[in-house]
Structures are given as structure tokens and as C-alpha cells.
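Peer 1: Chains as they are written, first to last, in our numbering: chain W, 1 to 372; chain B, 373 to 747; chain C, 748 to 1155.
Calculated directly from the structure, the hints in this document are not laboratory data.
Any given hint could be a false lead.
Stated by the list, open to error - In silico lysine to any residue, SDA-like type, Cα no more than 25 Å apart, as pairs:
id, chain 1, residue 1, chain 2, residue 2
1, B, 500, C, 1068
2, W, 127, C, 865
3, W, 150, C, 1004
4, C, 1013, W, 149
5, W, 75, C, 900
6, W, 202, C, 870
7, W, 258, W, 340
8, W, 171, C, 1004
Unchecked claim - Which chain W residues stay away from chain C? Per the calculated CB distances, all over 10 Å, these:
id, residue
9, 11
10, 43
11, 48
12, 158
13, 165
14, 217
15, 261
16, 344
Idealized CB from N, CA, C, for every residue including glycine.
Here are the chains, one letter per residue:
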Amino acid sequence: MNRTVLIAAGAILAVIAAGVVYLLTATQPKPSITVVSWGGAYLTSQIEAYHKPYMATHEAIITSESYSGGIALVKAQVESGAVTWDVVDFEVADAIRACDEGLLETIDLESLPPGADGKPATEDFLKGSLDPCYVATIVFSHIIAYDKSKFPTDPPTTAAAFFDLATYPGKRGLRRQNPKSTLELALYADGVPANLVPEVLKTPEGLDRAFAKLDTIKQDVVWWQEGAQPVQLLASGQVVMTTAYNGRIFDAVVGEGKPFATIWDGQRFDLDVWGIVKGTKNKALALDFLKFSTDTQRLADQARYIAYAPARASSIKIIEEPGFTHAIKGVRMLEYMPTAPQNAFNSITTDHRWWADHQEEVEARWNAWLAQ
Amino acid sequence: MTMTMAVTKRADATTRAAAVRFDNVSKTYDGHHLVIDGLSLDIGQGEFLTFLGPSGSGKTTSLMMLAGFETPTSGEIYLDGAPFTNVPPHKRGLGFVFQNYALFPHMSVAENLAFPLEVRQVPRASIKEKVERALTMVSLAGFGERRPQQLSGGQQQRVAVARALVFEPSLILMDEPLGALDKNLREQLQYEIRHLHRNLGVTIVYVTHDQSEAMTLSDRIAVFNKGFVEQIDAPRRLYDEPMTAFVAGFIGENNRLDGELTTLAGERGLVTLSGDCTVDAVCAAGLAPGARVVVSVRPERMSLGAREGANTIAARLEEQVYLGDHLRIAARTPGGRLVIAKIPNHDGLPALSLNDTVNLSFRPEDARALLLAEA
Amino acid sequence: MSTSGPTLARQLGRAEAKARLKSFGLVAPLLVFILASFALPIATLLVRSVHNPEVAAALPATAAALQIWDGARLPDEAAFGALAQDLLTAPEDALSRAASRFNSDLPGGRALLLLTARALKASKDAPSRARFVQIDPRWGEQQVWVQLGVALEVWTAKNFVTAMDYRYDENRAVVAQPREKQLYVTLFLRTLWVAGAVTLLCLVLGYPLAYVLAQAPQRLSNILMIFVLLPFWTSLIVRTTSWIVLLQDHGPINDMLLALGLIDDKSRLALIYNATGTLIAMTHILLPFMVLPLYSVMRGIPPTLTRAALSLGAPPFLAFLRVFLPLSVPGIAAGSLLVFILALGYYITPALVGGLSGELYSNQIAFHMQSSLNWGLASALSVILLSAVIGFYFVYMRIIGAEGLRLT
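Construct all of the structure, not just a fragment, from the sequences and the given hints.
Peer 2: If you want it as C-alpha cells, here you go:
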């Protein structure tokens, strides 16, 4: 009887001792952050250009999650206090709203790495791409794409062609859920000079004019919601011409050999930015990652994987070098970049601040217009 | 033969032409096994004919073919001389009373009764009057507004009967209509159905597996067994003069004494009961000496003690049950046959004790030698 | 003996109480679950549709000052002072939230509040009406103050006003939205129309199917039932996407019609990205909800009833019309109600295949939940939809009767 007790006690002690030894010798878990972004080729480009180099040089783990934009999920996390996302890739307008709603940590812009040429970050980054709430990474563009096989002779070259159903018959694709950039396109196509478009849109007459222009093609529009849809609509012949994100068309043309072409005339610049979710427990690491990923080389590297331009001047210099090509396809990337001089001739800058303030009002009218 | 047999209370029924004729009708569901095998029978105008038989004997199938819910595989059914097989059910114009009443639950009693009249586009005023009359006929006047679910089983059955009668069909089919009712109610409704039949003069084809119900109601009974009609006759003749061992066994109680027919003289023959004795019996048609037979004797035709001109069989008393109006005894013969007798209690009963040897006697005319059916 | 009465009653009471406690214990987990997952969210929804605390929480002094404002002219200096005090003292995140809410009442209101707060903090000037108007001239507009008053109401009907296509004008009167902003009433009516049409289509397609299933031998009907249930086992997105593939302009259906010469290349049928697409896809998805109750009711109709009707002289179609059809009404009622209510709330399918003319009420609810973040308006729209569902339920109960509405 006594023997049994002794043996049992010995066994228990041995297990405890083994556990203690294990705990002492086991490696400490690496710190980790969750970085949230759009999926697909865009996420891949970020992983290749940012995540992998960061993990190779730092004792940290980056977990990727994808989402479909908007700030609802971030808002829910912040308001419930259960913040599981650390760094989020926003469209700039969403970042502005998230900032207004108090959902983002502030970033000391002076602490961002200077450009390769030594210029401070605040001067090196493109206009409008820095804010205490966010730091831009890429410039993408809303462009018009069309199916070349549908217009073998006299292909369209201007934004006005999108509204010219007589010369270029066929369905058009437009983004459903958000009128931003579509209204600007309508004004530009209606003859408003590119640099005046944002101001004209702010007037009630300008807004009416934009809707009136859209009225002329409303019956022939197929509406899309996701970035992948325009490509699919073009490929299936559902539309002959559509608005799209320039990177998606690049993928379809270079990656899949689709007979699509881009109309750069009247392209609307937009930005994707990093924001840090308010209340994250990993703020220091998140900031470190943000600074790492927005230095000159990292931003330029991303452009080897996707046709979006880096948001700082020093990075753009790198991609303008003759030898800068796509990591897999080997094509020269500059040709496909929205910021390239030959593409950026008549580009429209969106006033994101105005949109943040008036989005609700304009969207109400947009939804009503769509339903009528 | 039919002409002379269907004689009970309605002499005129037999003299009219047959209302329904089954002419060599067969039915199979699977292509191998015949449910009905060459059925031929005539049903007289105004007759009450019952299809009686155990379940699976083909009686309900025959009724369904008559109603049009089943189609004969071969043969033809005639109504008033005209072929009937290809007439759809709703054009046959016959009343049908279902086993579970089949009253429409979403209609009131009056609406149920009005249904066949509305379908026939009888004028509205006339419908009301006929429904009232039919309800009165089944003693349910004033129940018209009720829903069928609010009535008792007996009342529902009366409604079902009234609904089958209200459009005055000349032929009414009833498929075990009283099967779901308890005994007292059943007897009462049997009486009522008889009464209706007598008053209305319609032809009724009735299906039941209850022989006493069949006896009570019918002018004639067709006894079904395995797709055949074994015998079709008035109840009395079925009982007294069964033509097959199955009929003798199915209708009423009987003693079955197995033996061999040794000599045959006219209707009568001698049957040797091995181990016991030889009895004199009326022989069924078609028997030849040497045939294996059963001698069927009703228990109430057995008497205690030997009698002049009667068959006598000795047996050892195994059981006696006093039932008031009669004494029921069971005795075993030396040859191992069990004999049941009912001794009427009119002059007092003899004092018997178990294991007494008793002589039981029965007249030759009460004994029927029938071909032994293969088991 | 007389004393045993009350004792007996007490004993009975105790025994029953024990049984009640036991049965309550058995349903308690479910009750808690339903309360937490169903009743509570709905209650929250109801409250959110009329509760608007953010702005008043950040600007309490202004709220008090505007209480006594007549709304006819610009508010007095005291109100400006109160607003200045609030803007200087409110915590930053509370002010951000308030500004965002104010923006839905007054476009640009977010920037107005935040920038004014920033300007006030930056300068030492005493806040006054003149100072406010200097920072932003809009503070001199009565309209701005009216909307601020609306935003400050903790309990508000403004979401329902918006949901009815009305708005507050500068005098705080409720007036109709201009035509180009009217949306919700049209959409609600369209949703009713689509749900009704889907219900009708499901009934027309599902009734014969359920009839065949109910008449078929059990074994066969079990196999056929698998095909009916097949849509249940496929994910909604897969089913919907399949419809996109099938119905698109250059999809198999149009190609087939073209090959058959029924249409030419210029007149390919628009089967998708419109109300037709919504109807087709929703009917397919909701069909089982119609077939199942119909089938179970039809199985319960004794076949002898149809035979009885035939034997009584009714031709087959009349027998069906007078006997089978009325008896299957509980199945029609249950199936229709189920499909109608589900259709009212559908939004994924309409969003994917509906185009513009096929979008439904719920798409706007989703939009305000996920995209515009106007949860108050989303709640008000949900409450309206929920009320409609409950309303239809009661109308149904009135017509069909409670015992008529059974699923099994």
C-alpha cells in the first residue's frame, strides 16, 4: 500500500519536473501581427515585397488575412474592444472615414524612413498620400478597358468614347456600389477639363450634370461590384467596354493574354494606404512593419508583381529604370503604370476629403438614381 | 342456376335481367399471380349481393373493378347489358360507400351530400330538398351544418351511406362499411342498411369478411377464396348445403370428419371414417368413390344418444360448457376426431362427466361429404 | 376527511410545481439561446432605429442650450458659447463619432464640427457667434442649426422619416424628398412584388411536383425528394454563380436559343442582371421551401377522398378542384408564407444576379450596415421589413386560420 503511494507520488513529480524543464527550454513564441488586405494578386505582391523580407530580417510572424474593403469590420472590432487586426490596407477614402470615426492610431510621419536620395518622407511621398492616420503604399487607377476584338478598326482612345454608343455600340460596365470616380468620369467625358473636375463636382449643377451624362448610357450598363468582375464581363462578352482597376486589366492582358486594351484618358488616381487599428496590442511592431514596408526599395519592389505605382517619388525613379521588369513575365512595368508620363496625361485627382464628407448624401442620390 | 337460387324475400329480383355481369374477368398486378381468376357472376336487379371472403381473396379487387378504380386484365364487366370496363369511374353513376367513410373533411354534412348533386347540376332548390330527405332517411335530420369530424363513427357512416344514395343511383357498392365500428353499432347499422335496401329497391354489392354480417344482410353471398368464387347462393343454402369444404368451414361452425367415400348411390354415399365407423352422407356433386372427403356436420345437428336412421359415432367427452340456452360439448372419437355438439336446453340437460363415453348421432341429410381440399 | 381537502390540494400543488420546474429546466437552455441570439438582437435593432445618443453625448451643453431655442432665427450667443465649451472639452473619439453621425444629417457636418473644434483649440480668441462664422460661414446659416438640433435628439424619428422618403426641411417640417432622392418606398414595393412573384412561381412549379411526389410510391418519392432537396445541399454562392454562367448573354441558354433560330445575335435575351435573373435564381433557391410543406400536407390527404369524389360523379379535374385542392390549402398557405417571408429578406442572390432592377430592400439594409455605416437607418429599414413580415403573418392567420397553417 505504502509502496503504491510512493510510486504514484514519484510519477507525478517526474511529470511536473518534465513540464518545468520543457517550459524553461522551449523557445519564446515570436511576436506576431495580423496584416489585413485585399486578396488575390494584390495580396501576393505585398507578401512578396513586404511580408517575406520583413520576416526574413525580423523576429516576427506576419499573419495575412483578406477582406473586401470598407470600415464596418474595423469599426465593430474597435467598438467591441476585441481588436484582432493590427495593420489594414484601406482605400484612402475609407481610411479618411475610419480616421474621422476615431478607428485609427496616429502615426508620427517624421519617423518614416527618408527616401533613397535622403529626402524626408514628408516630401518624398506623393501629394495627399500621407496623413497622421495613414501612409499610402500604392497609386492605382480607375481606367476604361475595352475588348480590342470588338473594335478592330478605329479603336476608342478617349473617355468620351465610353459614352458614345453610336460609334462604339455595346454594353458598358460600371461600378455599382459607389459613385466615386464614376461621377468624375462622367464630368470629364462631358467636357469638363481634367483639373477642374473635382471642383465642378462639388457644385449642385455639376452633380446634376454628372448624373445627366450617366443617364445617356444607363440603359446599356451592366453593373459590377467586385474588382474581378469587369475582366469576367469583358471576357464573356457581356460588355464591350468597362471601367476597371488598372491592375486587373494588366493581369488579364499580360498574365492571361486577353485581347483587352486600356484607355488612360481621364483615368482617376486612387490610393491604397496602411492604417493601424486603434487599440491594437502590437502597436510598436505594427509601426515597425509599416515603416519597413514603405521605404523606397520595398515600395518599388511591389511594382515587380503588380501594375500599381509606388506612392513615393524615389520609388517611382527606380521603376522608371529601363531594366525594371515584372518578376515573372519579364515585361517592362513602366508601360502599365498609371503614373507613367505617357499614361498620366489627362488624369483626374479625386478629392477624397470632399467625398468623405459628402459620400452619404451623394450615395443616397446614387442609390435612388439606380433604382429609378 | 342463379335464377333458382336467389330466392328469399324478393321473388321479383330473380326474374329481372342481371344488372351486372362479370364475364370471365381476371386481374393480375405483377403479371404472374392472378388476384382474380376467371370471375363470372351475375348480379340481379335490386339484389343485395355480398362478396364474402378472407382478406386477399379478391373480393375488394372485384368491387374496385366494378367501381372503375381498377381495370380487369382480361374479361369484361357489363352493366345492364352494356360493356362497362372502359367507362371512367365518374361516369358509372354508382354509389360507393368506403370503409373509412371518405367524407370530405372540409365540407359540412349537407355539403358532402350536395356534392354529387352539384356535380350533376341539379337545381339548387332541388338539392336542398334531396339533402334534407337523405338526412332524414338516415335519421340525421338537423345535422347538416356539422362537420364530419364532429360526428360519431356511426353517424359518419350514415352520412356516407346517405351521400351514396342521395343522387339515386341504381347500383350501390359498399366496401366493408361497418368494419371500423363496434359490435352494437354494427348490428344497428346492419339493420338500417337492410331497411334502406328494402325501401329503395336498389342493387347493392357489399364486401365484408364478416360472415354473420353477410348472412344478416344478403340476398345472396359470393364466397371468395384465392381469387375464385367458391359458391354463390342464398345464405341459407350456403349454410345448409355448402358445396366445398372451404365454404362449409368459412360460414358457421362445423365438424369436419375426414374419410374416404366408399360407395355412392345417387345423392347419398357411404364414407368410411378410418378408426371409427362408416357414415351415410349427402355427397357434393362430382364426387366419385375412393375420393378423400370431409364430412361436414353442423354442431347443432348432433344429438346425444343413438337414433333410428341416423349415423352414430361414439366418443369420449373431453369438455362441456354450459351456455344457458345450450350445452356445448367436445368429445374425441377412438379414431382421434374431435366432435363438437350443441345440445339444446329445452327438455333439461343430461348429467355428463368428463371421460364418459357418449354416442353422438346425426341424420344423413345433415351430413355433407365434400371434397377434401389440399392443405 | 374534511381536512384532507386542502392538504391534498397542497400536495398536488407541490407535485405540479416540481414537474413544472423540471420541464422549465429542460427548455431553459433553448430559452437562453433564443433570448441571446434572437430576442436580444431584435430588441437592439428596435432601439437603434430610434436611439441616437452619440451627438448628444459629445455635446451635452449644446443640447441643453438648444432645448430653449425657438428654431425661428439663429440661436443666441449662449448657444454658441455652449457649443464652444462642448467642442473644447469633448474627448476626441467621442467628438469623432458625433461628427460622423452629424454628417448623415448635414453633408459636410463632420468636417464642420471637427475643423471648428480644431480652430477653437488653436486660437485664444473668445468664442462668439462672430468667431464661429469667421471659422466657417455655415455657422451663420439657420439650416445648419436645425440639423444640429435634429442630430442632438437622443430619441429620434429621423431614420423612419428617411426610410419613408421624407426629410426635415429648414423649419423642421417633414417634407417629401426630392424625386431624385426617393428610393425606399419604391424599393419596398418592388420587394413585395418580387417576393409575391417568386411565391407564385414557386407555387406554380412546386404544386404539380409535390402532387407527383405525394402520389408516387414511397420509395420512388424518396428518390425524387433528393432532387428537390439538392439545392439545399449546394452553397448559395455556387448556385447563384451557376445561374450567372447559364443565363448570361453569351451563356448556354442564349446560345441554344440562337442555335434553334428562336432569337438572333442582336436580340439575345437579357436573363440576368435584371429582375428576370432575380426571379429565376430566387425561385430555384426557394422552391424546396414550397415543395416540402405541400408534399407533407398532400401525403396526409387520403386517396379515398379523390376516389369518393369520382364515384360521386365528379370528373377528375373537378374532383381535384373541389376536394384535393381545398384540402391542400394548408400546404399552400405554409409554403407560400415561408417562401414569401424568406424572399422579402433575400439579398445575396439579388445583389449578384439582380442588376439594378432586381435589387431588393435588404440590399439597402446591407448597404447601410456594411458600407455607409448608418446603422440607425439600417435598423429603421429592418424594423419596417420586420413589421411587414409580421403584418403578413397575421393577415395570413386571419385568412387561413391557425390550424390551417401547419408544416407537417
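Peer 1: The structure should be examined with respect to each hint, and the outcome stated for every one.
Peer 2: Hint by hint, here is what the structure shows:
Our distance criterion of 25 Å between C-alpha atoms is met by residue 500 (chain B) and residue 1068 (chain C), whose separation comes to about 22 Å. Simply put, residue 127 (chain W) and residue 865 (chain C) have alpha-carbon atoms about 22 Å apart, close enough for the 25 Å limit, and the pair holds. At most 25 Å may separate the alpha-carbon atoms for a hinted pair to count; residue 150 (chain W) and residue 1004 (chain C) meet this at roughly 23 Å. Restraint check for residue 1013 (chain C) and residue 149 (chain W): satisfied, since their Cα atoms lie roughly 17 Å apart, inside the 25 Å limit.
At roughly 23 Å between alpha-carbon atoms, residue 75 (chain W) and residue 900 (chain C) fall within 25 Å of each other, so this suggested pair holds. Our distance criterion of 25 Å between C-alpha atoms is broken by residue 202 (chain W) and residue 870 (chain C), whose separation comes to about 29 Å. At most 25 Å may separate the alpha-carbon atoms for a hinted pair to count; residue 258 (chain W) and residue 340 (chain W) meet this at roughly 22 Å. Our distance criterion of 25 Å between C-alpha atoms is met by residue 171 (chain W) and residue 1004 (chain C), whose separation comes to about 20 Å.
Residue 11 (chain W), annotated as away from the interface, keeps every beta carbon of chain C farther than 10 Å; the closest lies near 40 Å. Interface exclusion of residue 43 (chain W) from chain C stands, the closest Cβ pair being 20 Å apart, more than 10 Å. Once the 10 Å rule is applied to beta carbons, residue 48 (chain W) is consistent with being away from chain C; the minimum gap is 29 Å. With a closest Cβ-Cβ approach of about 26 Å to chain C, residue 158 (chain W) is found to remain outside the 10 Å limit, as its non-interface label requires.
Listed as outside the interface, residue 165 (chain W) is consistent with that label: its C-beta sits roughly 14 Å from the nearest C-beta of chain C, beyond the 10 Å cut-off. Against chain C, the non-interface label of residue 217 (chain W) holds: every CB pair exceeds 10 Å, the least being about 13 Å. Separation of residue 261 (chain W) from chain C is adequate, the least Cβ-Cβ distance of about 20 Å exceeding the 10 Å criterion. Annotated as non-interface, residue 344 (chain W) keeps its C-beta farther than 10 Å from every C-beta of chain C; the closest such distance is 29 Å.
In summary, the one numbered hint that this structure violates is 6.
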